[in-house]
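*Asks:* Letter by letter, the chains look like this.
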Amino acid sequence: MVDIRIPIGLMFTIIGTLITIFGFVTISNTEMYHKSLGINVNIIMGILMLIFGLIMLFYALWKKKKA
Amino acid sequence: MRVDLSWIDYLIMIIYFIFVLGIGWFLRKFMKNANAFLEAGRSMPAWVAGLAFISTNLGALEVMGMTGSGMKYGMLTTHFYWIGAIPAMIFLALFMMPFYYGSKARSVPEFLKLRYDEKTRGLNAILFALMTVLASGISMYALALLMENVLGWDFNLSLWISALIVLGYTYLGGLSSAIYNEVLQFFIIVIGLLPLVFLALKDVGGWIGLKAQLAPIAISKGYAADAYTSTWMYSGHASANPLGVEWFGILFGLGFVLSFGYWCTNFLIVQRAFAAESKAAARKVPLIGALPKMFIPFLIIVPGIIALALSHDPGKGFVIPADPGGGLNYNLTIIMLLKQYLPTGVLGLGITALLASFMSGMAGNVSAFNTVWTYDIYQSYIRPRTSDEEGDGKHYLKVGRIATVFGILLSIASAYIASKFGNIMDFLQTIFSLINAPLFAVIFLGMFWKRTTGHAAFTGLLLGFLLALLHHGLTIPAGATSLVKGGWIATLHTYPVEMAQNFWTAIIAFGVSTTVTIGLTFLTKQKKSDEELTGLVYSLTPRTIVDKDLPWYQRPVGLAILVSVIFLVLTILFW
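Residue numbers (this note's numbering), protein chains in the order written: chain F, -16 to 50; chain E, 15 to 589.
Bear in mind the hints are in silico, worked out from the structure with no lab data behind them.
As the structure is a prediction and not an experimental result, all values here were calculated from the model.
Do not take every clue at face value.
As the list claims (entries may be wrong) - Under the rule of at most 30 angstroms between Cα atoms (straight-line distance), these lysine-lysine pairs were calculated in the DSBU-like manner:
| # | chain 1 | residue 1 | chain 2 | residue 2 |
| --- | --- | --- | --- | --- |
| 1 | E | 562 | F | 49 |
| 2 | F | 18 | E | 330 |
| 3 | E | 499 | E | 235 |
| 4 | E | 330 | F | 47 |
| 5 | E | 464 | E | 86 |
| 6 | F | 18 | E | 353 |
| 7 | F | 46 | E | 293 |
| 8 | E | 293 | E | 46 |
| 9 | F | 46 | E | 542 |
| 10 | E | 86 | E | 330 |
| 11 | E | 46 | F | 48 |
| 12 | E | 216 | F | 47 |
| 13 | E | 499 | E | 434 |
| 14 | E | 542 | E | 464 |
| 15 | E | 412 | E | 118 |
| 16 | F | 47 | E | 46 |
| 17 | F | 18 | E | 86 |
| 18 | E | 46 | E | 408 |
| 19 | E | 464 | E | 541 |
| 20 | E | 225 | F | 18 |
| 21 | E | 86 | E | 216 |
| 22 | F | 48 | E | 293 |
| 23 | E | 43 | F | 49 |
| 24 | F | 46 | E | 562 |
| 25 | E | 43 | F | 48 |
| 26 | F | 49 | E | 293 |
| 27 | E | 408 | E | 293 |
| 28 | E | 46 | F | 49 |
| 29 | F | 47 | E | 293 |
| 30 | F | 46 | E | 43 |
| 31 | E | 216 | F | 18 |
| 32 | E | 434 | E | 86 |
Working from the sequences, and respecting the hints, build out all of it.
*Replies:* What follows is the structure, given as structure tokens:
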């Protein structure tokens, strides 16, 4: 039917990129990251989501190529 | 208790909505007949159905409730995820799935029809349809209330928008769309809540720091120092642990009756495995679901336990708002934690995770409702199948789609009733939850004892339900202020906590139903021949081993052993 890995991969790639960029834009905003114990969680989670999204996409496309 | 969201938080939410609806839109062209729409064409790979299996169960009330329970009961809450789920999931996969899937039944009520008779199916189908609509109405109400109180959204607007999005993707793509979205939602829930666990644990100094902070709190309440971070250690006496239930109630009430009743017979859950592409895949579905299930406590219960420590540390400024009754509104625990730790950006992700959990639960209800309505009520009592198979497929597809719309409208209606008469809805939900334990007794006997008769099963189902109701009407938990909690006939017995009452109600339902069904089976005549029961009953079904050549991790038994080992390690580690 449809490989569900494609929409999942796409969504996490898009949201991951968005949050990573937002994390870098707000990197000097110490007041905002006071809540998260001074850690810029946006950059960390953004990159994690981006990696997850790309793995999903890669796996889906690789499988499609094989088939 | 207001949480302020910024444009980026809303943007994340909107991207999520677009993908959820997009999946439905993409799948719409595959919905050619009722079979594709209501059963996903029995084409789902095991891992997809397995993640959907667990995601449907992770509804918004589950996530909010379990974090709240973590704050109330500590690590004992994990009993709902470990002893109260894993053995039942293994049993379903290894012993029940071959008969469920092999019977070609399209729903649990239909299995009852094949194994027993029409009246047993009818009773279960009608109760189940009512229960699902009610359950999704209640969770919709809870979500809209949360959005109103915490995010400042309009109650009606949040109710209708969230319902319409679920309607959108289930109407377009049916069960396939619900399942695909549940997989997506599963990942959003996990990733959205991940930063919360990480930050909260870091804040309290890790697991060791958390234990140290909880010790004085436990001692001040009269428990042992590590009562909030143990699971079985203090279950010798009900009064020695925060849950207020002793080991027998946990093991038999939760671990056996409630858990097997829920995981093995609730069509909402089992339907995901029915949609698998083969019998072998269907058997793997609950086991693949069990793997992440065992680790979900770290995502939603551990933050609740941390909330308990935070609320006793004045320096943190962490407060759980009170509910109208004067106690703490524990359901708000998760959202208060999100507010405490997550900055703009990941905060939007966390809120999206809550919305995703709501949608996965609701879509589960809707897709189970429309199947039971179309096959077990409409097709059996209103318009039976004709000789025109293709025309039938199209007709029942239309009926399934209309049922989807009506199911959602009825849920919205029950959400509004819940907002006006919350107590009545709570009461009805308690009552409908009593149908699972007798159902398990009847299905179990049916699968493993070929003599069990239809009359016996029907009476067992009905009497188990009625006696459980009677027990609920005659007992109350200590400190109950309303009749919703029980004692609406008279008060014969007072339980120390509500949970103990729940466990015993289920034990009685199961006990009565088993005894009555066995007893009456001896007094009534089996009308079904051995041929009719082939594939439905253990002793009459030839065993075919098809997975001999597969590696161990692709075999149901291999996976079951893996799940059991992890389950045992976790239990011992957090004993």
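*Asks:* Hint by hint, say whether it matches the structure.
*Replies:* Status of each hint after checking the structure:
1. Using a Cα cut-off of 30 angstroms, the hinted pair residue 562 of chain E and residue 49 of chain F holds, with the two alpha carbons roughly 26 angstroms apart.
2. For a cut-off of 30 angstroms, the pair hint linking residue 18 of chain F to residue 330 of chain E stands: about 11 angstroms separates their Cα positions.
3. As the CA atoms of residue 499 of chain E and residue 235 of chain E are separated by approximately 25 angstroms, the hinted pair is consistent with the 30 angstroms bound.
4. Taking the CA atoms of residue 330 of chain E and residue 47 of chain F, the gap is near 51 angstroms; set against the 30 angstroms cutoff, the hint is violated.
5. Among the hinted pairs, residue 464 of chain E with residue 86 of chain E is inconsistent with the structure: their alpha-carbon atoms are about 45 angstroms apart, more than 30 angstroms.
6. Only pairs whose Cα atoms come within 30 angstroms are accepted, and residue 18 of chain F paired with residue 353 of chain E is accepted, the gap being roughly 9 angstroms.
7. For the hint pairing residue 46 of chain F with residue 293 of chain E, the CA-to-CA distance comes to about 24 angstroms; that is within 30 angstroms, so the pair holds.
8. Under the criterion of a C-alpha separation no larger than 30 angstroms, the hint pairing residue 293 of chain E with residue 46 of chain E is consistent with the structure, at around 24 angstroms.
9. Between the alpha carbons of residue 46 of chain F and residue 542 of chain E the distance comes to roughly 48 angstroms, so the proposed pair goes past 30 angstroms and is violated.
10. The straight-line distance between the Cα atoms of residue 86 of chain E and residue 330 of chain E is roughly 19 angstroms, inside the 30 angstroms bound, and the hint therefore holds.
11. The straight-line distance between the Cα atoms of residue 46 of chain E and residue 48 of chain F is roughly 28 angstroms, inside the 30 angstroms bound, and the hint therefore holds.
12. At roughly 41 angstroms between alpha-carbon atoms, residue 216 of chain E and residue 47 of chain F are farther apart than 30 angstroms, so this suggested pair is violated.
13. Proximity of residue 499 of chain E to residue 434 of chain E is assessed by CA-CA distance (about 18 angstroms); at most 30 angstroms being required, the pair is judged to hold.
14. A hinted pair counts as satisfied when its Cα atoms are at most 30 angstroms apart, and residue 542 of chain E with residue 464 of chain E qualifies at roughly 9 angstroms.
15. Simply put, residue 412 of chain E and residue 118 of chain E have alpha-carbon atoms about 22 angstroms apart, close enough for the 30 angstroms limit, and the pair holds.
16. Among the hinted pairs, residue 47 of chain F with residue 46 of chain E is consistent with the structure: their alpha-carbon atoms are about 25 angstroms apart, no more than 30 angstroms.
17. A distance of roughly 25 angstroms separates the Cα atoms of residue 18 of chain F and residue 86 of chain E; the hinted pair therefore holds under the 30 angstroms criterion.
18. Pair hint residue 46 of chain E plus residue 408 of chain E holds up; C-alpha atoms about 7 angstroms apart against a cutoff of 30 angstroms.
19. A threshold of 30 angstroms between alpha carbons decides the hint, and for residue 464 of chain E with residue 541 of chain E the separation of about 11 angstroms falls inside it, so the pair holds.
20. Distance restraint check for residue 225 of chain E and residue 18 of chain F: the Cα-Cα separation of roughly 23 angstroms lies within the 30 angstroms cut-off, and the hinted pair is therefore satisfied.
21. Distance check on the hinted pair: residue 86 of chain E and residue 216 of chain E sit about 21 angstroms apart at the alpha-carbon level, within 30 angstroms; holds.
22. Pair hint residue 48 of chain F plus residue 293 of chain E holds up; C-alpha atoms about 28 angstroms apart against a cutoff of 30 angstroms.
23. Proximity of residue 43 of chain E to residue 49 of chain F is assessed by CA-CA distance (about 25 angstroms); at most 30 angstroms being required, the pair is judged to hold.
24. A C-alpha spacing of about 25 angstroms is found between residue 46 of chain F and residue 562 of chain E, which places the hinted pair at or below 30 angstroms, so the restraint holds.
25. Distance check on the hinted pair: residue 43 of chain E and residue 48 of chain F sit about 24 angstroms apart at the alpha-carbon level, within 30 angstroms; holds.
26. Pair hint residue 49 of chain F plus residue 293 of chain E holds up; C-alpha atoms about 26 angstroms apart against a cutoff of 30 angstroms.
27. At roughly 26 angstroms between alpha-carbon atoms, residue 408 of chain E and residue 293 of chain E fall within 30 angstroms of each other, so this suggested pair holds.
28. With a CA separation close to 29 angstroms, the supplied pair residue 46 of chain E and residue 49 of chain F stays within the 30 angstroms bound.
29. Annotation: proposed proximity of residue 47 of chain F to residue 293 of chain E holds, straight-line Cα distance about 25 angstroms (limit 30 angstroms).
30. Between residue 46 of chain F and residue 43 of chain E, the direct Cα distance comes to roughly 23 angstroms. Compliance with the 30 angstroms bound is thereby established for this hinted pair.
31. Pair hint residue 216 of chain E plus residue 18 of chain F holds up; C-alpha atoms about 12 angstroms apart against a cutoff of 30 angstroms.
32. Between residue 434 of chain E and residue 86 of chain E the CA atoms are separated by roughly 28 angstroms; this keeps the pair inside 30 angstroms, and the hint holds.
Of the numbered hints listed earlier, those contradicted by the structure are 4, 5, 9 and 12.
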